[in-house]
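Chemist: Counting from 1, position 27 in the sequence shown corresponds to residue 27 in UniProt numbering; the numbering is continuous, with no gaps.
Treat the hints as calculated values from the structure; they're not laboratory data. Small disclaimer: the values here were computed from a predicted structure and weren't measured. For each residue, glycine too, the CB sits at the ideal point set by N, CA and C. A portion of the hints provided could be inaccurate.
What the hints assert, rightly or not - Taking CB as the label site, the calculated pair distances span:
1) Thr21 - Lys106: 23 to 29 Å
2) Pro104 - Gly142: 28 to 34 Å
3) Lys106 - Asn26: 23 to 29 Å
4) Leu155 - Asn27: 44 to 50 Å
5) Phe38 - Gln165: 38 to 44 Å
Unchecked claim - Result set (DSS-like, lysine-lysine): computed pairs, CA atoms no more than 27 Å apart in a straight line:
6) Lys149 - Lys136
7) Lys28 - Lys101
8) Lys10 - Lys106
9) Lys136 - Lys101
10) Lys123 - Lys136
11) Lys123 - Lys106
12) Lys182 - Lys171
13) Lys123 - Lys149
14) Lys136 - Lys24
15) Lys171 - Lys149
16) Lys10 - Lys28
17) Lys24 - Lys10
18) Lys49 - Lys106
19) Lys123 - Lys49
20) Lys49 - Lys28
21) Lys101 - Lys149
22) Lys136 - Lys49
23) Lys149 - Lys182
24) Lys106 - Lys182
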Amino acid sequence: MTQIFEIGDKVAVLDDAISGTVVKINNKEISIETTDGFMMTFFVNELIKTNNTSELSGFFSTQSLSSVLKDKEAPKKHSFVKEKKSRKDEFVLEVDLHIEKLVPSKRGMSNYDILNLQMDTAKRQMDFAVRNRMPKLVFIHGVGEGVLKAELDFLLGRYENISFQDANYQKYGIGATEVYFKQNQK
């Protein structure tokens with residue numbers, strides 16, 4: 001399903017924290033002015049309209065404001081045992097490849113389109129992790145028929161200096177793969 005964009009549409013970039021307004025359309029390339037005032041160009045399939053906020057309502061929590069405020073007021077118990085954690089283990093990038101997490105609606109997308117979007121996301125996140133020298137990345141792919149896992153294994157097999165395995169069963173169940181990067185620390 002290809003979205004039709006018009007000048008003035010509010011858009012967001014898939015898999016990136018960039019949003020803005022469409023200012024120029026040239027075939028499959030769309031130029032936007034970001035909310036920070038920068039001009040950037042993206043392909044049509046990298047953008048999503050955000051004009052209609054009712055489509056996005058499923059992404060937001062339905063938790064009421066009063067319950068959130070009540071949680072904030074509850075006194076927190078402080079632990080006096082300080083755990084030593086390695087700097088490397090503090091943050092693990094978790095990428096959920098379920099199609100529901102990548103687009104608001106998969107209506108009109110073929111299985112081929114869905115798999116391509118999932119694999120493009122996985123490749124982009126792998127490149128991001130390598131660029132930012134992250135020690136570990138977890139892809140959550142689910143169980144299903146195993147097609148996405150097989151494609152993911154093939155993609156990961158093309159990278160050097162990494163190892164991958166099924167992720168921690170207690171934390172992720174059986175539908176996740178953990179990737180470790182063997183990078184020389186500068």
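Chemist: Each hint needs a verdict: does it hold in this structure or not?
Modeler: Outcome of the hint check:
Checking the proposed 23 to 29 Å range against Thr21 and Lys106 shows it holds: the Cβ atoms sit about 26 Å from each other. Judged by the Cβ atoms, the range 28 to 34 Å given for Pro104 and Gly142 is violated: they are separated by roughly 19 Å. Between Lys106 and Asn26, the C-beta spacing of about 27 Å keeps the proposed range 23 to 29 Å intact. For Leu155 and Asn27, the Cβ-Cβ distance of about 29 Å falls outside the hinted range of 44 to 50 Å, so the restraint is violated.
At about 40 Å, the beta-carbon gap between Phe38 and Gln165 stays in the expected band of 38 to 44 Å. Between Lys149 and Lys136 the CA atoms are separated by roughly 18 Å; this keeps the pair inside 27 Å, and the hint holds. With a C-alpha separation of about 24 Å, the suggested pairing of Lys28 with Lys101 holds against the 27 Å cut-off. Among the hinted pairs, Lys10 with Lys106 is consistent with the structure: their alpha-carbon atoms are about 20 Å apart, no more than 27 Å.
Restraint check for Lys136 and Lys101: satisfied, since their Cα atoms lie roughly 21 Å apart, inside the 27 Å limit. Note on Lys123 and Lys136: the hinted pairing holds, with a Cα-Cα distance of about 15 Å set against a maximum of 27 Å. Distance restraint check for Lys123 and Lys106: the Cα-Cα separation of roughly 20 Å lies within the 27 Å cut-off, and the hinted pair is therefore satisfied. As the CA atoms of Lys182 and Lys171 are separated by approximately 23 Å, the hinted pair is consistent with the 27 Å bound.
For the proposed pair Lys123 and Lys149, the alpha carbon gap of about 13 Å is at most 27 Å, so the pair holds. Under the criterion of a C-alpha separation no larger than 27 Å, the hint pairing Lys136 with Lys24 is inconsistent with the structure, at around 39 Å. Our distance criterion of 27 Å between C-alpha atoms is met by Lys171 and Lys149, whose separation comes to about 18 Å. At roughly 17 Å between alpha-carbon atoms, Lys10 and Lys28 fall within 27 Å of each other, so this suggested pair holds.
For the hint linking Lys24 to Lys10, the alpha-carbon distance of about 12 Å falls within 27 Å, and the restraint holds. Restraint check: the Cα-Cα separation between Lys49 and Lys106 comes to about 14 Å, which is no more than 27 Å; the hinted pair holds. Proximity of Lys123 to Lys49 is assessed by CA-CA distance (about 23 Å); at most 27 Å being required, the pair is judged to hold. Straight-line distance between C-alpha atoms of Lys49 and Lys28 comes to about 15 Å, which keeps the hinted pair within the 27 Å bound.
For a cut-off of 27 Å, the pair hint linking Lys101 to Lys149 stands: about 17 Å separates their Cα positions. This hinted pair does not check out: Lys136 and Lys49 have alpha carbons roughly 32 Å apart, beyond 27 Å. Distance restraint check for Lys149 and Lys182: the Cα-Cα separation of roughly 22 Å lies within the 27 Å cut-off, and the hinted pair is therefore satisfied. Straight-line distance between C-alpha atoms of Lys106 and Lys182 comes to about 36 Å, which puts the hinted pair past the 27 Å bound.
Of the numbered hints stated above, those contradicted by the structure are hints 2, 4, 14, 22 and 24, listed in ascending order.
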